[in-house]
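Model the full structure from these sequences, guided by the hints.
Protein chains in written order, with the numbering used here: chain S, 1 to 286; chain P, 1 to 286; chain A, 1 to 286; chain X, 1 to 286.
Be aware that one or more of the hints could be misleading.
Copies of the same chain are indistinguishable here, so a pair counts whether it falls within one copy or spans any two.
[What the hints assert, rightly or not] With a cut-off of at most 25 Å between alpha-carbon atoms, the simulated SDA-like pairs for lysine to any residue come out as follows: (1) Lys76 x Arg146; (2) Lys204 x Pro247; (3) Lys184 x Leu33; (4) Lys253 x Arg85; (5) Lys96 x Lys201; (6) Lys253 x Glu271.
If you're looking for bench data, these hints aren't it; they were derived computationally from the structure.
Spelled out from the first residue to the last, the chains are:
Protein chains: 4
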Amino acid sequence: MSSTYILTLSCANQPGIVAAVSSCLFAQGYNILDAQQFDDTETNSFFMRVVFDPASPECNIDAARSELDAIATRFKMRLSVRDTRQKRRVLVLVSKFDHCLVDLLYRRRIGEMDMHIVGVVSNHPQDALDLPDLGMVPFHYLPVTRETRIEQEAALWTLVQETGAELVVLARYMQVLSEELAAKLVWRCINIHHSFLPGFKGAKPYHQAHARGVKVIGATAHFVTSDLDEGPIIEQDVERISHRDTPDDLIRKGRDIERRVLARAVRYVVEDRVLPNGRKTVVFID
Amino acid sequence: MSSTYILTLSCANQPGIVAAVSSCLFAQGYNILDAQQFDDTETNSFFMRVVFDPASPECNIDAARSELDAIATRFKMRLSVRDTRQKRRVLVLVSKFDHCLVDLLYRRRIGEMDMHIVGVVSNHPQDALDLPDLGMVPFHYLPVTRETRIEQEAALWTLVQETGAELVVLARYMQVLSEELAAKLVWRCINIHHSFLPGFKGAKPYHQAHARGVKVIGATAHFVTSDLDEGPIIEQDVERISHRDTPDDLIRKGRDIERRVLARAVRYVVEDRVLPNGRKTVVFID
Amino acid sequence: MSSTYILTLSCANQPGIVAAVSSCLFAQGYNILDAQQFDDTETNSFFMRVVFDPASPECNIDAARSELDAIATRFKMRLSVRDTRQKRRVLVLVSKFDHCLVDLLYRRRIGEMDMHIVGVVSNHPQDALDLPDLGMVPFHYLPVTRETRIEQEAALWTLVQETGAELVVLARYMQVLSEELAAKLVWRCINIHHSFLPGFKGAKPYHQAHARGVKVIGATAHFVTSDLDEGPIIEQDVERISHRDTPDDLIRKGRDIERRVLARAVRYVVEDRVLPNGRKTVVFID
Amino acid sequence: MSSTYILTLSCANQPGIVAAVSSCLFAQGYNILDAQQFDDTETNSFFMRVVFDPASPECNIDAARSELDAIATRFKMRLSVRDTRQKRRVLVLVSKFDHCLVDLLYRRRIGEMDMHIVGVVSNHPQDALDLPDLGMVPFHYLPVTRETRIEQEAALWTLVQETGAELVVLARYMQVLSEELAAKLVWRCINIHHSFLPGFKGAKPYHQAHARGVKVIGATAHFVTSDLDEGPIIEQDVERISHRDTPDDLIRKGRDIERRVLARAVRYVVEDRVLPNGRKTVVFID
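Written as structure tokens, this is what we have:
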């Protein structure tokens, strides 16, 4: 059975890119199902995402890849082509609050998220989480103290490698990754921060928001970098609040924002919709 | 001085369209600044919008147009290329409520809307509108009664032709156009309906919404067809209300929704972002 | 241990209501923690919700109730006082799509929803639902065919009585209740309709929305009446879509809207925030 | 002709407040049309807004005021009663961007905002603003340089006193008020900041937002304090953006957010819906 492919590319902007890519796919017998592109005129960068499938059984993806690689070399592109039958492998980290994890598990179960969850890691034991049911997903208990942090991060890194995890999702994981681990996971690790960044960085953002008296709260999904709460933003959303809302109300309302923002961000990443652009992201939304 | 061009096209979907268009523009020496496309797999239709400008002074837009026309013929496309220096000519019709008109005039004044307002038509005299200042924009008073409707529509049609209006905007114009005039203005006439269609068609939608007890109200900008309130939708937006809101509150809150929905729709149309797709529209949003 | 009480009342508007109620609670030694009121000037109706707790251990809720009942008689009020320690008993009905049910179960599990789920009923067998874990909640399989509808509704009504269910939630339950059952459950049965009512009543609303080409979709939680999709609306919300969204995309995006709209509506009801107002509702939002 | 009155009060929370106020109004022959209240359990503060009108021509507002003042003394309240026939007097300050000013003028013209605009002040000459028409509203040109700032603020303060301005609105006024003037205008001066505070304080917030790569932008209306961009927030709103939006696009989209946020905040203040609560506000929204 034939598959669908997703091509993503980025490079310095220059004439002829679209012509080269689309002509190549046409010549190789592929149909373009969807294409989105973006010129960042500030940085003179070009970004593109193309979804394509074979027009006939004669199509040869290896030949297409080879031609596309030649184009990538010519235009000095970062280019990747992914067969959508190969689902993204995702490792989810969680601490005590499990609403994002439960939501991701549910979405995967009903087939909404095209990914394999290859494991769940927590710094709390499984019974502390009171998880409904992980099914076949392995659970890893990696408690972290100041003393054990380095070795536990090593264990985590080993786990990433052993599971082949392409994406690590911090689903309300309350430990800060070390600079070293953040560097190893660059553009491969997403965090959900429970505020509308750049407002209310750091700890207890809902309490900060309550103290400041804002009228709208939000959540932010971003790539993890060594600079806490400063990573490139993938998705944000907000909800209106009022003076009547206590910090507990904000936490409750925030859960709904967090889980939908993180779910969107994870979906965008596993569907290759998110391309790095320096400190920012290009997100080709459907 | 060189210009920027907007190409829009639609046709039956078939392999090679993007390759043909992008290769042509590349060969003619043009840079693609932005491109968006859409495959409607239900109707097997393809839609594309490309913004391009010349890479050098040697570029010849007539030559490019000629090549593009050849492509259009080959692929049986509806294709148009517009020089953005030629602003769209827009005629605005209004009755007693002038918030949408005032808003459009203001946006044009500060340069937000790339259009010429070639005239304002009302079925009420100018002093009834209490308009702040139309500047150089001619005002036409075309009162409509059951008896005069046919001749006034003829006058309106003459005005459209004389002013070269490419777009007619019903900015809370409370007269229903005849089937004949609607047909003449097909895909060239926008209405703002003060409800979230298809809910609350017809008269007094805010009163209908109040009576039904909805918790959210909205507005809809759509192309005018002979079938009242059934035209293809361009843009919609909503706002939350509560049981405390009277019909007058809804009218007040609705004004804000109406003017921003209509302004967006007009901007999308004058920037060639809206392509007809049967009973629906493709809107390439920025 | 002392408790908190919620008083709700409605009656014809007349002078002195607030003075009578607040003076009574003050005289009985209760603190008013929260109070919201609404005058419907159209129908000359008055609605009030008061949260109060005892200022001292000497307070006697029976005495307070007796005084309040006297006020209710004097003003011809519908008045109720509920001890918040007595959680609302809720029966949830579901068909094949379980996202709303799973969401309600999760919210109850983490203590967000102040209710007992006394049972889950489905017209499909439990394994068809592939539910993660109902815990202690009994599951009832009540398959419905044209022939068995009357007896199954009888079984359902028996279940309502046996479980003491004060609220029945149709969480994407795809069977229409008979006029008789709807009448028995008046103001006690909530449905989530997967469209922004009054738009797209009836079957397959997302397909209707796609065919109409709307730019925003929504969901509506409403009380069930014998008049399908016409019951008093409790809560609505929406999300923006585009021409790119297929009916399947709308179904996916809609799930998120449905579950948050239904969860809010159920929370409002179990917290006595929703008061009947003819064909409409008064919702005292926090 | 009789009038409607708005009572606002705040004090330390204590039993009997609502009973005292509502019994007084009832005894004096007034109808309560609307009442909202809020207990801030953190600070043990109580806030209330009551709208009332006379039930008969015999009602005497002076007698009612006198009784209410006695209650205020007893409960140590800040209490005010305003006759809604006396419209709030508002002074609007503006620099080069006039979208908020134009919007406020329009809303006042159509009767949406219950206020007198007693003057417009700018640090730019009137023709620089290209204002459509101020009608009868006096324009004051008060250019500010580092040298003249003190004397111009003195002129501004004189203007506030001469016009009897109860509210000063900084409608994109780009000069920072001195600590002294801010102190004189405490709780009487509103600013619109073109970001979603506390994110992007200070200059060029849209450029900051673009550089940070946020996915949502916003605007904030707040009371002016000597601590720049730290004043109590009255209203905020947001809009979704994407990687495609340039700083100019954010400025354009921001204009719509700014004018609606400022208009709401001004309306809330002139309708006595906003009560000070330390660093925060209580806003009794309709």
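Against the structure, the hints:
no.	hint	in the structure
1	Lys76 x Arg146	neither (44 Å within a copy, 52 Å between copies)
2	Lys204 x Pro247	within (10 Å within a copy, 31 Å between copies)
3	Lys184 x Leu33	neither (34 Å within a copy, 35 Å between copies)
4	Lys253 x Arg85	between (36 Å within a copy, 23 Å between copies)
5	Lys96 x Lys201	within (20 Å within a copy, 33 Å between copies)
6	Lys253 x Glu271	between (28 Å within a copy, 16 Å between copies)
Checked against the numbered hints listed earlier, the structure breaks hints 1 and 3; every other hint is satisfied.
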